[in-house]
Amino acid sequence: GAEAPVSTLTPDKLEVKVVNTNCSFDGGFLEKGYGVNLERLVELLSQPDVAQDVERVEFDPHSHYAGAKVYFRPAQHPDSGATRRSVFVGVFPSSKCVITGAASNAVAAEAYAF
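One point on numbering: in my numbering, the residue at position 46 of the sequence shown is 94, and numbering is uninterrupted.
I should point out that these hints are in silico values taken from the structure, not numbers from a laboratory.
Since the structure is predicted, the reported quantities are computational estimates derived from the model, not experimental observations.
Only true hints are included.
Taking CB as the label site, the calculated pair distances span:
{"no.": "1", "residue 1": "Arg88", "residue 2": "Ala154", "range": "26 to 32 Å"}
{"no.": "2", "residue 1": "Val64", "residue 2": "Glu91", "range": "37 to 43 Å"}
{"no.": "3", "residue 1": "Glu87", "residue 2": "Ala154", "range": "28 to 34 Å"}
{"no.": "4", "residue 1": "Thr58", "residue 2": "Glu91", "range": "53 to 59 Å"}
{"no.": "5", "residue 1": "Asp97", "residue 2": "Val64", "range": "35 to 41 Å"}
Glycine included, every Cβ here is placed at the ideal spot set by N, Cα and C.
Given these sequences and hints, build the entire structure.
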């Protein structure tokens, strides 16, 4: 049906549904004097034993994007819909990371644990 104008919405008429969870974290490597070798990370994540968890991984040292792009494939969760969509994990040389596109907090936590 037609959507109610914003001015007429009241808390009892709102339905809040999480459809995308984004988060960031710092692995803390830089403060200990270390960094992440992104070329080696791409090699590791391209190995057959992690293929079930990684849809693809990309890193271009000449790109303006300074991090590795990891497309993590989470397990199917009841709240993630009919399709098993990938979750983007950006990993930077500083060990700071961003997780975007998780369908729920549980999926974001799974990407974090990965």
